[in-house]
Amino acid sequence: MSQVVGIIGASDNPDRYAFLAAESLKCKGFEILLINPYKKNILGKPCYTNLLEAPLRAETVTVYVNSERFKGHLKSIIELKPSRIIFNPGTESPECYSTLQENGIQVVEDCTLVMLDSDNFKTN
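Residue numbers (my numbering): 381 to 504.
Be a bit skeptical, because a hint or two may be false.
[Unchecked claim] Using 25 Å as the maximum straight-line C-alpha spacing, the simulated DMTMM-like pairs for lysine to aspartate or glutamate come out as follows:
id : residue 1 : residue 2
1  : K419      : E472
2  : K420      : E403
3  : K419      : E459
4  : K461      : E475
5  : K408      : D497
6  : K420      : E433
FYI, nobody ran anything at the bench for these hints, they're computed from the structure.
Work out the full structure: start from the sequences and follow the hints.
If you want it as C-alpha cells, here you go:
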C-alpha cells in the first residue's frame, strides 16, 4: 500500500499550490486524503471535513491553510498522530509546534512541491 498523505486546505483551483501538490502526490502514487469542508471532491477523490472523517490514517499531513484555520484541526491531528506534518510557506504555526512535538509528531517547515521534485518527500 502507498503512503497516505492528508492535505489540509485542499483546493480545486489549478492555480493553487494545494491543488498542484495533490495532483503531484496522486501522480507519484501516494494515497491522498483531501480536507476541505466546502467541496465534495477534487481530482476525483472525496473531500472530508477533517482527518478523522477519512477512511484511512494519514502518515503525513501537509498544510495549506493559515495558522488560525489550522488551529481548528489541531485536536484531530493529535488524535490521529501522523508521523509528520509539513507546514508549507505561509502556513507556519509556531505556537502549535511544541504541542505537536510533545505528541510525537515531527514538524517540518518546507514546501511539499519542492520536496516532491527533489525526491525528499518519502519518510521511509
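Contradicted hints - numbers only: No numbers; nothing is violated.
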